[in-house]
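Start from the sequences, fold in the hints, and give me the full structure.
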Amino acid sequence: MPWSEAFLRSQAAPAAPTAAGERVISYTHALAEALALALEIDPRVFVLGQGVNDPVGMFGLTTGLAARFGARRVFDTPLSEDAMTGICTGAAMQGQRPVLLHNRPDFLLLTFSQLVNHAAKVHYMDRGRHRVPMVVWAAIGRGWGSGPQHSQAIHGLLLSVPGLKLVLPGTPHDAKGLMLAAIADNNPVVILEHRWLMKASAAVPEGIYRVPIGKGVYRRRGSDLSIVGTSHTLHLALRALDSAACAGISADVIDLRTVKPLDEDIILESVARTGRLLVVDPGWSLGGVCAEVGCLVAERGFDLLRAPIRRVGLPDAPAPAGFALEQAYYPNEVTLAAAIRGLCG
Amino acid sequence: MPWSEAFLRSQAAPAAPTAAGERVISYTHALAEALALALEIDPRVFVLGQGVNDPVGMFGLTTGLAARFGARRVFDTPLSEDAMTGICTGAAMQGQRPVLLHNRPDFLLLTFSQLVNHAAKVHYMDRGRHRVPMVVWAAIGRGWGSGPQHSQAIHGLLLSVPGLKLVLPGTPHDAKGLMLAAIADNNPVVILEHRWLMKASAAVPEGIYRVPIGKGVYRRRGSDLSIVGTSHTLHLALRALDSAACAGISADVIDLRTVKPLDEDIILESVARTGRLLVVDPGWSLGGVCAEVGCLVAERGFDLLRAPIRRVGLPDAPAPAGFALEQAYYPNEVTLAAAIRGLCG
Amino acid sequence: MSAPVRYSYAGTGYSPGDLSGYAPEFLLRLYREMLRIRRIEERIEARYHEDQMKSPIHLVIGQEAISVGACSALAREDAIYLSHRTHGNYLAKGGDLKAMMSELYCRKNGCAGSVGGSMHLFDVDAGVAGSSAIVAGSVPIAVGHALAAQQRGTGQVVGVFFGDAGVEEGVFWESLNFAVLHQLPVLFFCENNFYSVCSPLTVRQPEGVEIHRKATAFGANTMLVDGTNVLRVHGAVRSAVAAARAGRGPQFLELQAYRWRGHGGAGDDSKSGYRSTDEAAQWRQYCPVAGFGDLLRAQGLLDPDLHENMESGIAAEIDAAFEHAINSPDPDPEEITRFVYSP
Amino acid sequence: MSAPVRYSYAGTGYSPGDLSGYAPEFLLRLYREMLRIRRIEERIEARYHEDQMKSPIHLVIGQEAISVGACSALAREDAIYLSHRTHGNYLAKGGDLKAMMSELYCRKNGCAGSVGGSMHLFDVDAGVAGSSAIVAGSVPIAVGHALAAQQRGTGQVVGVFFGDAGVEEGVFWESLNFAVLHQLPVLFFCENNFYSVCSPLTVRQPEGVEIHRKATAFGANTMLVDGTNVLRVHGAVRSAVAAARAGRGPQFLELQAYRWRGHGGAGDDSKSGYRSTDEAAQWRQYCPVAGFGDLLRAQGLLDPDLHENMESGIAAEIDAAFEHAINSPDPDPEEITRFVYSP
Ligand SMILES: Cc1ncc(C[n+]2csc(CCOP(=O)(O)OP(=O)(O)O)c2C)c(N)n1
Ligand SMILES: Cc1ncc(C[n+]2csc(CCOP(=O)(O)OP(=O)(O)O)c2C)c(N)n1
Ligand SMILES: [Mg+2]
Ligand SMILES: [Mg+2]
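Protein chains in written order, with our numbering: chain Y, 1 to 345; chain S, 1 to 345; chain L, 1 to 343; chain U, 1 to 343.
It is worth saying that the hints were derived from the structure and are not from the lab. There could be a bad hint or two in this list.
[What the hints assert, rightly or not] In silico negatives: residues of chain U with every beta carbon more than 10 Å from chain S:
#	residue
1	D123
2	G155
3	G235
4	A280
5	I314
[Stated by the list, open to error] Per label pair, the in silico range of CB-to-CB distance:
#	chain 1	residue 1	chain 2	residue 2	range
6	Y	P205	L	N327	48 to 54 Å
7	S	N186	L	D125	19 to 25 Å
8	Y	R220	S	R306	28 to 34 Å
9	L	D125	Y	R300	54 to 60 Å
10	S	R68	L	G247	47 to 53 Å
11	Y	P261	S	E40	50 to 56 Å
12	S	E40	L	R238	39 to 45 Å
13	S	P55	L	G247	28 to 34 Å
14	S	N186	Y	D42	49 to 55 Å
15	L	A320	Y	S243	40 to 46 Å
16	L	R76	Y	P55	38 to 44 Å
17	U	G155	S	G95	55 to 61 Å
[As the list claims (entries may be wrong)] Mimicking BS3-like on lysine-lysine, the simulated pairs with C-alpha atoms at most 27 Å apart in a straight line are:
#	chain 1	residue 1	chain 2	residue 2
18	S	K199	U	K271
19	S	K215	S	K199
20	Y	K199	Y	K215
21	U	K98	U	K108
22	L	K98	L	K108
23	L	K271	Y	K199
Ideal Cβ placement from N, Cα and C applies to all residues, glycine included.
Structural data, given as structure tokens:
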């Protein structure tokens, strides 16, 4: 899809200005580095997934890894998503640290039996005798004209599931640091990357560092409202905030990075100062992260709120394929600016 | 499990006093009647599922149906939940009306590929050329000491999914009327029954009637708070309300019956009068129906609210198996009474 | 660094004996349909770089004999279901070319109104009942269609196309088991092109294990067919259709052919190294279209005029379809919330 | 109205030849282990009506030879995974009886601390690594364990038990394919008792299709074994273990036996009509325990004293285990939120 490559580059967030000497690399490169480092330092780590050793190399994440670490540590799999999830669970229970990569989150829907009924529950069911240190990674497919079965951001469906951790990085720095943290974590961690961020470049430290799972971060400080969310939608909110439409509005912008476990403190702390909450998410508005964050604040931060909560995610409809329809389906700078203004008006 | 049978009977809600001449039948009987009527009036209806023609007859729902309607209309299936869901989808697209029964909702997790990626999207993807009039039914397995993989109320995981309808009946009357409505509906409808309601008896009209999908109903009218929810947890809330602990508290109690699409109007109408909201649900508190209803009110009914929202569902942990642990895990009259009092205090 | 030749053509090529028993018009129709698909694919490929077909594409060049051989053995009333690699089977079954091109161009009048994209082609009137972008996703749905056909006694048979990787999905075996159990009138068309994206069969299924033998062990009637020979395919499918229609249950056909182009998008990708350029070159010698044309010519059934006639007719049709698509309007934004639920 | 006899015993019963090559102590050990499982199951059954084991149970009476024959061929370091029908395999592998009984009685010191119930027995020290209440759910997990064993070169083999319905789940075939592809040291023990709850095999898998032949077609080494004969099972599994340990990949054993009791809970349920009372009676003639005892007696290896000794030893152990469980405390309520996440 030649168009999409060019398009993605145009969508990539501009690199933030970096301090002298900082190294700027792409999001994909940062992820590839994380995988290589993890394979290097820990013999228990292995990487698998459909085509991880092919010329495409899973968006470039795995390019060269099989050659470097061998076919025992980096290998292709059959199209058997549910079994592969269970196989990773079994290997993880024996102390290995599998990293299972999928092209698209839609394929995770084939694995809910192993992911939800098994991987998430093993540690609980056997009272801590086994741990399940595995990472399941997938890239949200938006923007390839991919349509209803290839574009879904399904983390909202997993939000209720005890035992899983859910991570949606938003910058190259976090992509690397959260991948390394997820591999080091002793629980099943699902990472959803957003394809539209993957051409972005920014400062990324060399070597090993881990971004704590379960901790949000302020991307900006302000006083009129709190914008809370993750991934590409949060980037859109930042752009909206910078646009003329939001002139004069000052916002706290919190990148949750992890949606389970949720960093409740940072959300409540911010709302305590601003009194207004906008939740944004790349998944459906209804019943997902937006709903959870909104309800949380209405429950534990009610007295802090000075205005109705607002949420901006996807409408209650499957993702359409065509370009024109995608424009209407996905939130953008303009719709986000309207939501921000609406909340402060 | 002899104990559970006795236990269930003791848990069954006492039959409401009935008007003279009303017929009182059990929940299970009401469901069985719905299936028999649907098979009778519509040759497109067929009923399938593991053991639907066996002596147990799926909790008694299907007892005698195979003998009466023949093996072409009522039949057993292999243990192939995902394929059976797709097979029902394909048959429904051709105008048949399959009713697929599962013992427990946990098994639906094996079917998310066909249910979410396919059944829910067909009508959208082919612009209305096909409809998918199918019913998927399962009974929440709580209380058999069944444990983490046999007790889950997973409707919260499906809440985001466009194209699905989700129904949780709460009375014999609604169980029958919603089953008939679901079979008549032209969309995939998932019905989750709660096993602890299934021994209840109450007035159920004979013949065909349909309870509208997407409409909640007042179970009680009051002024101090709105209790909104479904299924067995709502029954517990009613009992809590009737207990000494809640003396003097008057509540609106709304049985949503359908959680997708949600009857937003009835919720907002009630909160407009009471100013207080307690959401209760048989699923996990986090990220499910509780979160959605809570966020909805914080978004669209914020100015009506006079107190923080509260939610009572399951803790963020898998369901334990043992009796003593179940007592601590599940909300009960006492915890619900405390939540009610806390909200009004 | 190029990969070794892993998968060689194992058939016998077209031979005059293949033609016996067929009327010349029928043979020419088969040829024309393959040629048409080839030309359509070539045109799509040629214009893909313009970035106006904003949809992932999966070209069928090299696999045309499967589409045409199979669909020519089905009645118009019979139904088929597609995978992600839709074009050839959609067209061979009679799917509307204009509606397909509009879908690829994301237009309002695309067969799926631009909601589906190239992986969701369908044309219910022509019996292209559905497709899925989830590998093996349409298999149980097709089986369900066959169940409905059996329940209603329509006499329909239902075919479902999927690739060699389709049989790695558990739902495939669940579906096959059910279809055999109920002796449903369903045809499983496994288009074995030996690759899933860039992954050869050997890294996905054990060597020595044959797909069609697995299906046999599940109780299906099975055949292994040269998928580059349109007449072999047609003959096999015709007998399979007859068996299915006579109530002899599901039929599984493993149809071997080679995908000449990359998995998705335009162009061959053998240079990237995952498969041997020699391997691709070998298979190109067994072109399903040219090979059949040569045979027809050798037998005096196809002359230059007739061929030229076909080519120009096809070109005109393609021109018109592209023009139609390109000049059609975008869908209305309100479409995104239509058809989420059916009344 | 009773069902017809559908599934008859197809073996040859115990015969003196089965014993050859085995030491008497070993034979007596096998016998004692089967007898022990039988007696434990009978005791559970006898006390189930007291409503103190608040957990669904799935008795293994009739299938003891599979558990004992298979586990006696495994090393203690080898691992096994269980389905919902856990008791026999757990015990035969060396699982702690007291911990099991405490789990059934929902006690704090149950093997799963009362969180799991009877379908989640495990004893990691004895190599009972896990189980699943989802049919076929533990199959890929066992394969993953075998993958880890291969990666680390532990020399372990991993066995996984599942029923005839397990092979109806797609994930089973996905797992088998992967195991064969990677030649993993995993043993698939398919306990074919011909029923899933009350559903006979015939309504779930086509007649004439044999489970072990499907596995063969997937590239596994397979055997069909009389699962009522502990020595046949032991012999088959021993050679399978040797092959797996030698790197010859996965081994699939279809072990046929009959479940004497109802699917779940206490008592036979044949009277309910889903299976023939004659069928159940026929199979009871081939009791894995009594048949073996008779043979040992006939061969002079087992005398009344020894038998009485075994019985009383087993009874005492069972008494103690029940007492232990009944007198153990309930779990603390805080347990419900422990171990949701691992530090
Ligand atoms: C369940 C699922 N897993 C992975 C994919 C990604 N994917 C799309 S097409 C494809 C190749 C499938 O290969 P095959 O079935 O042999 O068909 P071919 O492309 O060769 O025609 C893959 C892996 C998918 N669409 N669905
Ligand atoms: C995925 C799934 N579907 C259905 C069930 C319900 N169920 C529990 S045990 C059982 C019987 C399985 O039969 P089989 O595999 O032959 O084992 P058996 O009980 O005969 O030992 C069924 C249907 C389940 N636990 N999991
Ligand atoms: Mg292929
Ligand atoms: Mg069985």
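How the hints compare with the structure:
1. No Cβ of chain S approaches the Cβ of U/D123 within 10 Å, the least distance being about 17 Å, so the stated non-interface status holds.
2. Every beta carbon of chain S lies more than 10 Å from that of U/G155, the smallest distance being close to 31 Å; the non-interface claim holds.
3. Its beta-carbon lying about 30 Å from the closest one in chain S, U/G235 satisfies the requirement of being farther than 10 Å from that chain.
4. The claim that U/A280 lies off the interface holds: its Cβ sits roughly 14 Å from the closest Cβ of chain S, which is beyond the 10 Å cut-off.
5. The claim that U/I314 is not at the interface with chain S holds, since no C-beta of that chain comes within 10 Å of its own (minimum 26 Å).
6. With their beta carbons about 53 Å apart, Y/P205 and L/N327 fall inside the hinted range of 48 to 54 Å.
7. Hint check: S/N186 to L/D125, Cβ distance near 21 Å, so the stated range 19 to 25 Å holds.
8. Y/R220 and S/R306 have their C-beta atoms about 33 Å apart, which keeps the hinted 28 to 34 Å range intact.
9. Here the CB-CB span from L/D125 to Y/R300 is close to 56 Å, well matched to the stated 54 to 60 Å.
10. The beta-carbon spacing between S/R68 and L/G247, approximately 26 Å, falls outside the hinted interval of 47 to 53 Å.
11. The hinted window of 50 to 56 Å between Y/P261 and S/E40 holds, with their beta carbons roughly 51 Å apart.
12. The beta-carbon spacing between S/E40 and L/R238, approximately 42 Å, falls within the hinted interval of 39 to 45 Å.
13. Distance hint for S/P55 and L/G247: a CB-CB separation of about 31 Å, consistent with the stated range 28 to 34 Å.
14. A C-beta distance of roughly 53 Å is found between S/N186 and Y/D42, which places it inside the suggested range of 49 to 55 Å.
15. The given range of 40 to 46 Å is respected by L/A320 and Y/S243, whose C-beta atoms sit roughly 44 Å from each other.
16. For L/R76 paired with Y/P55, a C-beta distance near 42 Å keeps the hint of 38 to 44 Å intact.
17. In this structure the supplied range 55 to 61 Å holds for U/G155 paired with S/G95, their Cβ-Cβ distance being about 58 Å.
18. Taking the CA atoms of S/K199 and U/K271, the gap is near 25 Å; set against the 27 Å cutoff, the hint holds.
19. In summary, the hint linking S/K215 to S/K199 is supported, as the alpha carbons are separated by about 24 Å, within the 27 Å threshold.
20. With a CA separation close to 24 Å, the supplied pair Y/K199 and Y/K215 stays within the 27 Å bound.
21. At most 27 Å may separate the alpha-carbon atoms for a hinted pair to count; U/K98 and U/K108 meet this at roughly 12 Å.
22. With a C-alpha separation of about 12 Å, the suggested pairing of L/K98 with L/K108 holds against the 27 Å cut-off.
23. Of the pairs offered as hints, the one joining L/K271 and Y/K199 holds, with about 25 Å between alpha carbons and a cut-off of 27 Å not exceeded.
Violation of the numbered hints given earlier is confined to hint 10; every other hint is satisfied by the structure.
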